[in-house]
Amino acid sequence: MEKREYRHIGKPLDRAEALEKVTGRATYVHDMELPGMLYGKSLHSPYARARIVSIDTSDAKALPGVKAVLTGEDTSHLIGLYMIDKRIIASGITRYQGEVVAAVAAIDEDTAEKAISLIKVEYEKLPAVLNIDDALEAKILVHEDINELEYLKGVFFPQPDSNIASWNKTITGDVEKAFLESDFVIESEMYLPAAAHTPIETHVAIAEVNPYSDKIKIWSSAQSPFAIRQLMAKSFGIPEGEIQVIVPYVGGAFGGKAGVHLEPLAALLSKACKGRPVKVQATREEEFNQLPSRAGMRSKIKTGVTKDGKITGFKAYYDWDSGAYADYGVNVGKTAIYSGAGAYEIPNVEIHSRTLYTNKVFSTAYRGFGHLETHWAIERQMDIVAQKIGMDPYEFRMKNILEPGKHTISGEIISESTGSPGDCLTAVAKAINWTGYQSEEERKAQMKTGKVRGKGIALLQKAPAMPTSTTTSAIIQMDGDGNAKVLIGAIDMGQGANTAMRQIAAEALDLPIEKVEVVWEADTHKNPYDWQTVASKFTYMGGNAVIRAAEDAILQMKKVAAQVFRCEADKLEHKDGYIYHVHHMEKRLPYGKLARGYAYENGNAIGGVVIGRGTYIADGLTNLDAETGQGLPALVWTYGAHGIDLEVDIETGDIHIFKIASAFDVGQVINRKVIEGQIIGGVLQGLGSALFEGMIFNQEGKLMNPSFTDYKIPTAMDIPDEMVPICIENPQFDGPFGARGVAEHPMISVPSVVGNALYDALGINFYELPLSPENVALAIVNNKKED
Amino acid sequence: MCNHHENKNCFEYVDSQMPRVFLELVVNGEKVQELIDPTMTLLNFLRINLKLFGTKEGCGEGECGACTIIMNNRTVNSCLVLAIEAQDADILTVEGLSKDGELSVLQQEFIKYDALQCGFCTPGMLMSARALLDRNPDPTTEEVKEGIAGNFCRCTGYQTIVDAILSAAKREREELR
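Here the protein sequences come in this chain order: P and Z.
The first sequence lines up with residues 1 to 787 when you count with our numbering.
The second sequence lines up with residues 788 to 964 when you count with our numbering.
Keep in mind that the hints were calculated from the coordinates and are not lab data.
Glycine included, C-beta positions come from ideal geometry on N, C-alpha and C.
Fair warning: there could be bad hints in the mix.
Think about it this way: if two alpha-carbon atoms lie no more than 30 Å apart in a straight line, the pair counts; the simulated DSSO-like pairs of lysine-lysine are [claimed, not checked]:
1) Z:K932 x P:K451
2) Z:K838 x P:K274
3) Z:K932 x P:K430
4) P:K300 x P:K177
5) P:K702 x P:K712
6) P:K515 x Z:K899
7) P:K485 x P:K515
8) P:K11 x Z:K899
9) P:K575 x Z:K899
10) P:K659 x Z:K899
11) Z:K957 x P:K673
12) Z:K838 x P:K673
13) P:K234 x P:K153
14) P:K659 x Z:K932
15) Z:K838 x P:K526
16) P:K444 x P:K388
17) P:K215 x P:K274
18) P:K274 x P:K430
19) P:K444 x P:K430
20) P:K784 x P:K448
21) Z:K838 x P:K11
22) P:K659 x Z:K838
Quick partial rundown of chain Z residues pointing at chain P, CB under 8 Å, derived from the structure [unchecked claim]:
23) F809
24) N836
25) S885
26) D901
27) C905
28) F907
29) C908
30) I935
31) C942
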């Protein structure tokens with residue numbers, strides 16, 4: 001397809017809200033104060049698993065300034081995204097260190113904290129499930145009532161009398177037979193620890209519960225206002241429309257603010273305080289040990305391959321150490337069965353993905369969920385297999401790569417429009433001058449200098465993980481001066497959704513960018529519905545909805561203009577804010593003259609207010625077959641690849657990155673600046689997971705690093721010398737102007753590419769994250785011993 | 788209604804017995820005088836008393852830099868400074884960066900380079916950048932990285948922030964000439 005030049009699409013427009021953000025005027029829920037507002041604080045279980053014998057709240061209640069003290073006795077509400085398994089406040093038993101066992105609302109934060117310190121809880125400590133093997137063994141059940149839990153049937157598969165929240169499978173072909181017929185069968189076991197999202201604005205919600213009705217008003221730092229409404233309505237047994245969720249600016253989310261979090265607790269406290277608004281903001285420690293993280297995961301994978309490098313079979317057990325509640329965890333696990341063999345065509349596949357309950361802080365969606373985890377194993381394994389068969393890992397990948405006409409492991413046929421993983425891999429290989437692994441002699445020569453250079457490549461893919469019926473919508477209202485206001489239900493938490501939608505709307509309406517505004521602050525009572533701002537789905541789905549809304553608005557204006565010009569509406573076109581007649585260009589009306597109906601000179605009026613409406617629903621998707629995993633789960637795939645050039649200090653294990661090049665087949669760039677920001681930001685977040693991040697639990701299941709002192713995230717000192725974002729543009733036939741989503745993808749396979757380059761540098765295969773100086777230096781020492 | 792002076796359990800009574808100290812300082816060029824609780828942090832004083840919500844709290848432990856402000860020409864984590872330590876101090880916060888409705892060069896370059904995403908770290912980041920350029924108008928890339936090393940940003944990957952600060956430094960040097 002020939003590349004079109006657009007008026008706004010692809011241009012590096014400044015983000016619309018930047019002015020508010022650089023002047024300190026952007027208001028986050030963190031900054032909000034409401035009349036009569038109280039402050040909520042929580043008391044947490046100090047044990048991974050314990051029986052609550054008694055709670056004495058009398059001293060806390062007696063403290064002046066305390067308005068409410070709640071324990072698990074005060075609420076029986078169960079809540080959950082896919083498994084309805086979580087109480088808002090623990091009752092009877094606590095399932096992780098950090099779980100809320102009591103909460104207080106008071107006139108200020110100091111008083112609330114004081115009250116918390118006055119609550120006396122007697123616990124009976126119980127043995128806990130703290131690792132994957134214990135979870136599988138199921139001597140202890142994290143949820144003794146697992147057989148009775150309500151869950152989303154047909155999509156998730158909890159196993160009776162076990163700790164398996166869901167066991168999803170893909171079985172296609174005959175993998176055991178394929179292994180028998182393969183020249184090589186290579187088995188590996190890989191691991192990565194749990195990780196924290198660490199948005200700089202911690203989770204925060206304000207709830208105001210009307211004591212005389214069912215109405216609840218919530219302000220939240222959240223990705224999913226409509227999901228909050230839906231989940232809380234179900235839990236509280238009230239209609240969705242009784243709950244209003246407002247989301248102003250959000251200080252980072254990365255998946256951690258999807259679903260429902262502090263909102264129900266704030267609502268219970270408000271209700272207990274006769275409807276005064278209650279603000280609950282997580283401390284940084286609570287952000288780590290009360291609110292969910294990314295699950296740790298163990299992969300046991302086995303690849304069969306012919307000696308000329310064709311993959312014949314792939315078998316994997318992905319076991320997710322998913323913590324005390326399912327939340328998003330089961331859906332994270334589910335991604336493995338349709339994406340858990342990578343962007344390759346493999347004829348025989350068997351994948352088991354088990355989301356396990358353990359007595360640790362529970363897990364949820366984290367940017368590119370399921371994929372950074374499985375791709376750590378897949379893309380490391382691709383290199384390991386290439387080493388075994390003596391093939392260049394680039395050639396090996398290209399030999400098996402998905403191409404038009406080939407099918408994914410869930411049976412979906414790839415078309416020209418799906419995008420090209422091969423283009424991405426080739427682009428990064430070129431960007432780092434990939435010429436294959438260095439030889440053992442070259443490696444030894446470098447070792448003598450104390451620093452060894454290595455290069456690596458890795459591939460990645462992801463499609464939105466979402467219900468088959470996911471839908472979104474947009475409204476465009478024309479102002480009297482012909483300007484357009486765009487309303488969407490998505491949240492711009494920094495990824496630039498509003499800026500992208502502004503460009504798409506301006507393009508579709510053919511208006512100067514200044515004349516189009518996407519209204520900030522999503523409000524479920526005023527903005528049109530969007531499922532959740534997750535899964536890198538909004539550019540694609542929301543973009544299409546916005547185009548449809550624009551087309552609808554234009555059609556409405558054309559119909560009125562057709563009456564004015566006494567012609568058929570299909571004789572009219574739109575351009576630069578005018579509706580005009582194709583044959584008589586002088587016959588034209590500006591949008592402003594039509595936006596609120598058209599008035600003739602004698603006063604007669606026709607038409608009405610122009611309000612364009614657009615909606616977009618994922619179509620053609622199917623649930624995956626319970627036994628075979630076959631079906632159509634992917635609305636749109638986005639492929640990508642990383643190439644890296646780094647150096648390892650063999651004494652300290654320090655890794656210095658000269659260059660990381662990252663290519664994604666985005667279909668069409670909507671905003672050059674915003675997309676490059678997503679890529680560079682995501683890559684550095686991936687480097688955090690690769691190089692040093694990981695939650696550390698002690699033998700009793702207590703989180704040992706719940707602070708920025710002990711849990712390090714990348715700083716400006718950690719950025720590579722050069723980060724190269726590459727946008728490949730093979731258009732998606734049904735994407736808005738050909739675009740696909742990409743916000744999550746840059747993180748995926750970053751740990752793998754670092755691991756692969758470490759092999760090139762050191763000749764050592766790493767199987768476990770993080771690749772911290774300590775772990776790298778230890779591996780070098782141990783490797784020397786083996787020599 | 789309770790009679791506060793006689794009811795020792797009443798919050799208003801307890802509050803009235805708290806010690807207060809007199810604080811005088813200059814914030815964004817304006818003189819401020821207040822009686823404050825001596826245990827209050829400077830961050831809370833700015834946010835709660837002065838309603839300057841531009842400065843954020845990200846951790847409350849001096850690790851993330853979201854609360855960075857400039858106090859007597861040096862950056863501090865305002866969550867670790869008591870308000871009374873700012874006695875007679877000259878304070879600059881993000882709200883004081885633009886003058887007469889016009890953005891400072893640094894703010895303009897942050898927008899131009901898209902050196903922000905969620906924007907939550909941006910006020911603190913801008914203050915570290917301002918202090919850096921005040922003490923070193925011609926920093927190297929490495930010096931810029933060091934200058935903002937105490938400010939966490941989870942969104943941008945820092946590259947555009949570094950580029951924006953270098954560009955602002957260049958523009959500011961040119962404007963001085």
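Each hint, compared with the structure:
| no. | hint | result |
| --- | --- | --- |
| 1 | Z:K932 x P:K451 | holds, 24 Å |
| 2 | Z:K838 x P:K274 | holds, 27 Å |
| 3 | Z:K932 x P:K430 | holds, 29 Å |
| 4 | P:K300 x P:K177 | holds, 19 Å |
| 5 | P:K702 x P:K712 | holds, 18 Å |
| 6 | P:K515 x Z:K899 | holds, 20 Å |
| 7 | P:K485 x P:K515 | holds, 9 Å |
| 8 | P:K11 x Z:K899 | holds, 13 Å |
| 9 | P:K575 x Z:K899 | holds, 29 Å |
| 10 | P:K659 x Z:K899 | holds, 24 Å |
| 11 | Z:K957 x P:K673 | holds, 21 Å |
| 12 | Z:K838 x P:K673 | violated, 33 Å |
| 13 | P:K234 x P:K153 | holds, 17 Å |
| 14 | P:K659 x Z:K932 | holds, 17 Å |
| 15 | Z:K838 x P:K526 | holds, 29 Å |
| 16 | P:K444 x P:K388 | holds, 20 Å |
| 17 | P:K215 x P:K274 | holds, 13 Å |
| 18 | P:K274 x P:K430 | violated, 65 Å |
| 19 | P:K444 x P:K430 | holds, 25 Å |
| 20 | P:K784 x P:K448 | holds, 13 Å |
| 21 | Z:K838 x P:K11 | violated, 38 Å |
| 22 | P:K659 x Z:K838 | violated, 44 Å |
| 23 | F809 | violated, 21 Å |
| 24 | N836 | violated, 12 Å |
| 25 | S885 | holds, 6 Å |
| 26 | D901 | holds, 4 Å |
| 27 | C905 | holds, 3 Å |
| 28 | F907 | holds, 3 Å |
| 29 | C908 | holds, 5 Å |
| 30 | I935 | holds, 5 Å |
| 31 | C942 | holds, 5 Å |
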